[in-house]
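**Q** The task is simple: from the sequences and hints, build the whole structure.
These protein sequence lines map, in sequence, to chains A and B.
Using my numbering, you'd call the opening residue of the first sequence number 1 and step up by one each time.
Using my numbering, you'd call the opening residue of the second sequence number 1 and step up by one each time.
Please keep in mind that the hints were generated in silico from the structure rather than gathered at the bench.
Check before you lean on any hint, since a few could be wrong.
To be verified - Covered stretches of chain B, as calculated for chain A (at least 3 residues, CB under 8 Å): (1) 47 to 54; (2) 59 to 72; (3) 157 to 171; (4) 174 to 188; (5) 193 to 199.
What the hints assert, rightly or not - No farther apart than 30 Å at their CA atoms in a straight line, the calculated lysine-lysine pairs in the DSBU-like style are these: (6) B:K173 / B:K154; (7) A:K58 / A:K123; (8) A:K58 / B:K154; (9) A:K225 / B:K108.
To be verified - Have a look at the derived ranges for each label pair, beta carbon to beta carbon: (10) A:L134 / B:A7: 31 to 39 Å; (11) B:A177 / A:P122: 39 to 47 Å; (12) B:T178 / A:T191: 34 to 42 Å; (13) A:R213 / B:A7: 34 to 42 Å.
Beta carbons: idealized from backbone N, C-alpha and C, even for Gly.
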Amino acid sequence: MIDFLQTYGLIFLVGSWPNGPLGGFAGTLLLAALGLAGAFPFALLIGIARTSSYQPIKMASTVWVYTFRSIPLIMIIFWAYFLVPVLIGMEVPPFSTALCAIIVYESAFLAEIIRAGLESLPKGQIEAARAVGLGYFQTLLSVQLPQALSNMIPSLLNQFVSTIKATSIAYIIGVQEAAFSAQQINSIELTGTLRTYLILALFYFFLCALLSRLARVLERHLQNKRLGLAA
Amino acid sequence: MLATGVAVTLRLFVGALVCGFAMALLLSALNLIPSRIVRAVIALYVEYHRNVPTVVQILVWYFGMPEVLPRALRLWINQGNTEFSFALIALSLNVSAYYYEDIRSGIKAIAGTQVEAARSVGLGAMQALLYVVLPQAVRYAVPPIINRSLILFKDTSLAMVIGVTELTYQVKKIENATFQTFQIFIISTLIYLCLSLLIATLGAQMARRYPASFRR
Numbered sequence: 001m002i003d004f005l006q007t008y009g010l011i012f013l014v015g016s017w018p019n020g021p022l023g024g025f026a027g028t029l030l031l032a033a034l035g036l037a038g039a040f041p042f043a044l045l046i047g048i049a050r051t052s053s054y055q056p057i058k059m060a061s062t063v064w065v066y067t068f069r070s071i072p073l074i075m076i077i078f079w080a081y082f083l084v085p086v087l088i089g090m091e092v093p094p095f096s097t098a099l100c101a102i103i104v105y106e107s108a109f110l111a112e113i114i115r116a117g118l119e120s121l122p123k124g125q126i127e128a129a130r131a132v133g134l135g136y137f138q139t140l141l142s143v144q145l146p147q148a149l150s151n152m153i154p155s156l157l158n159q160f161v162s163t164i165k166a167t168s169i170a171y172i173i174g175v176q177e178a179a180f181s182a183q184q185i186n187s188i189e190l191t192g193t194l195r196t197y198l199i200l201a202l203f204y205f206f207l208c209a210l211l212s213r214l215a216r217v218l219e220r221h222l223q224n225k226r227l228g229l230a231a
Numbered sequence: 001m002l003a004t005g006v007a008v009t010l011r012l013f014v015g016a017l018v019c020g021f022a023m024a025l026l027l028s029a030l031n032l033i034p035s036r037i038v039r040a041v042i043a044l045y046v047e048y049h050r051n052v053p054t055v056v057q058i059l060v061w062y063f064g065m066p067e068v069l070p071r072a073l074r075l076w077i078n079q080g081n082t083e084f085s086f087a088l089i090a091l092s093l094n095v096s097a098y099y100y101e102d103i104r105s106g107i108k109a110i111a112g113t114q115v116e117a118a119r120s121v122g123l124g125a126m127q128a129l130l131y132v133v134l135p136q137a138v139r140y141a142v143p144p145i146i147n148r149s150l151i152l153f154k155d156t157s158l159a160m161v162i163g164v165t166e167l168t169y170q171v172k173k174i175e176n177a178t179f180q181t182f183q184i185f186i187i188s189t190l191i192y193l194c195l196s197l198l199i200a201t202l203g204a205q206m207a208r209r210y211p212a213s214f215r216r
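**A** Written out as C-alpha cells, the structure reads:
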C-alpha cells in the first residue's frame with residue numbers, strides 16, 4: 001500500500017501537472033470551485049427573476065431552472081462538447097468544456113437556493129423597506145440580499161459538495177480530475193483495481209463528509225442566531 | 001436503438017427504485033436493534049453512499065468488486081448482463097442510503113407522544129411502529145423521496161461509463177455512427193426532459209394523495 005501511494009500519490013494529487021494540465025484531486029477541487037463561482041452570478045439573476053412579479057421574466061427563469069434540473073449532467077456536458085467549439089469557432093480544452101457545462105447545470109440548482117433564501121425572509125422586511133422609501137432594486141440590494149445570502153451559506157456549502165461529486169463525471173470527455181487519475185493508474189497497473197478505486201472513493205468521502213459536517217454546524221449556528229440564542 | 005435505450009434506462013430506474021426502497025426499509029428495521037455496532041455500520045453505509053460520487057460507486061462495483069466477490073456469485077452475475085447488474089447494484093445501494101435518511105427524518109418528525117398514545121391503548125412496540133408511526137412517517141417522507149427518485153432517474157445516465165446500453169450510451173453510439181449530433185442530442189434531451197417532468201407530475205399527484213398532515 002505504501003509502495004502504491006509512493007508511486008502513484010502524485011498522480012492522484014495533481015495529475016500530470018507540471019508537465020500537463022493540473023489534474024487529480026487538485027483538478028477536481030479547481031473545477032468544482034470555478035464551476036460554483038461561475039454559476040453564482042447567473043444563479044443570482046435567475047433566482048431574483050424567479051421571485052419577480054413580472055410574468056415573462058418569471059416564466060423564462062422557471063423554464064431555465066426546470067429544464068436544467070431535469071437533464072442529466074452528462075447530457076449537458078455532451079451538449080457543451082458539441083456546441084461550445086461551434087459557437088466560439090475554435091477548439092476548446094476539455095476542462096473549459098466541462099466548466100461551461102457545470103456552470104449552466106449548477107446555475108439552475110443555485111437559483112433555487114437563492115429563491116428559497118429570498119422567499120424565506122419575512123414579508124415585513126420588504127414592506128418596511130418600501131415604506132421608508134426604498135425602490136425595488138434598493139430593497140433587493142440593501143435589505144433582501146444581504147439577509148438572504150448570509151442565511152444561505154449552509155445551503156451553498158452543501159451545493160459545493162454536490163458540485164464536487166458532480167465533477168467526477170467530467171472524466172468522460174477527458175478532463176484530468178480525480179476519477180481520470182484513477183483510470184490512468186488503472187491502465188498502468190492493470191491489477192489491484194479495487195485498491196485504486198477505494199483510494200478515489202476515500203478522497204471524496206473525507207472531503208465531502210467534512211464539508212457537510214461544516215455546513216451542519218453553520219446551520220445550527222445560524223438557527224441559534226435567528227432564535228437569539230447565540231452570544 | 002433509442003427505444004432500447006429508453007427501455008434500459010427505465011428498467012434501471014424502476015429496478016433501482018424498488019430495490020433501493022426495500023433496502024431502505026430493511027435498514028430502518030435494522031436500526032431498531034439497540035446495538036452500537038449495528039448503528040455504526042449503518043451510519044458508515046449511509047455516509048459512504050452520500051459522500052462518494054455515484055459514478056465512483058459504479059466504477060468501484062464494476063471494476064473493483066469482482067476481485068473480492070465470491071466466485072459463485074461472480075459467475076452468476078456474469079451469466080446475465082454484467083454491466084446492467086453492477087449498475088443496478090450500485091444505483092440501488094446508492095439510493096437506498098438517501099431513502100433511508102428520508103424515512104428516518106420522517107420517523108423523527110412524528111412526535112414521541114404518538115408512540116406513547118399507541119402503546120397506552122395496548123399496541124405492542126411492533127404494532128405501534130407498523131400501524132401508527134410508519135404510515136405517518138412515510139407520508140412525511142413522500143416529498144423528499146420523490147425528489148430523490150428524480151435524481152435517481154438522472155443518475156441512470158451515469159451507468160454509461162461502464163457500458164450499460166441505456167439512453168445516453170445509445171445516443172453516443174448513434175452520434176458516432178451518423179454524425180447527426182444536433183438531431184440526436186435534441187431528441188434525447190427532450191426524452192429526458194419529458195420523462196423527468198412525467199415523474200415529477202406523478203410525484204406531485206402522490207404527494208397530494210398522501211399529504212403529510214391529515215388536517216389539510
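**Q** Against each hint, give a clear statement of whether it holds in the structure.
**A** Verification of the hints:
1. Given as covered by chain A, the stretch 47 to 54 of chain B passes the check, having 7 residues with a CB less than 8 Å from a CB of that chain where 3 are the minimum.
2. Look at the stretch 59 to 72 of chain B against chain A: 7 of its residues bring a Cβ nearer than 8 Å to a Cβ of that chain, three or more, so the hint holds.
3. With 6 residues having a Cβ less than 8 Å from any Cβ of chain A, the stretch 157 to 171 of chain B passes the three-residue criterion, so the hint holds.
4. Here's how the stretch 174 to 188 of chain B fares: 4 of its residues keep a CB closer than 8 Å to some CB of chain A, so the rule of at least three is met and the hint holds.
5. Against chain A, the stretch 193 to 199 of chain B contributes 3 residues with a C-beta closer than 8 Å to a partner C-beta. That satisfies the three-residue criterion, and the hint holds.
6. Restraint check for K173 of chain B and K154 of chain B: satisfied, since their Cα atoms lie roughly 19 Å apart, inside the 30 Å limit.
7. A C-alpha spacing of about 19 Å is found between K58 of chain A and K123 of chain A, which places the hinted pair at or below 30 Å, so the restraint holds.
8. Distance hint between K58 of chain A and K154 of chain B is fulfilled; the C-alpha atoms sit about 25 Å from each other, no more than 30 Å.
9. Simply put, K225 of chain A and K108 of chain B have alpha-carbon atoms about 24 Å apart, close enough for the 30 Å limit, and the pair holds.
10. One distance hint, 31 to 39 Å for the beta-carbon pair L134 of chain A and A7 of chain B, is violated here, with the actual separation near 57 Å.
11. A177 of chain B and P122 of chain A have their C-beta atoms about 58 Å apart, which leaves the hinted 39 to 47 Å range violated.
12. In this structure, T178 of chain B and T191 of chain A meet the distance hint of 34 to 42 Å, their C-beta atoms being roughly 38 Å apart.
13. Our hint of 34 to 42 Å for R213 of chain A and A7 of chain B holds, since their Cβ atoms are close to 41 Å apart.
In this structure, the earlier hints numbered 10 and 11 are contradicted, and the remaining ones agree with it.
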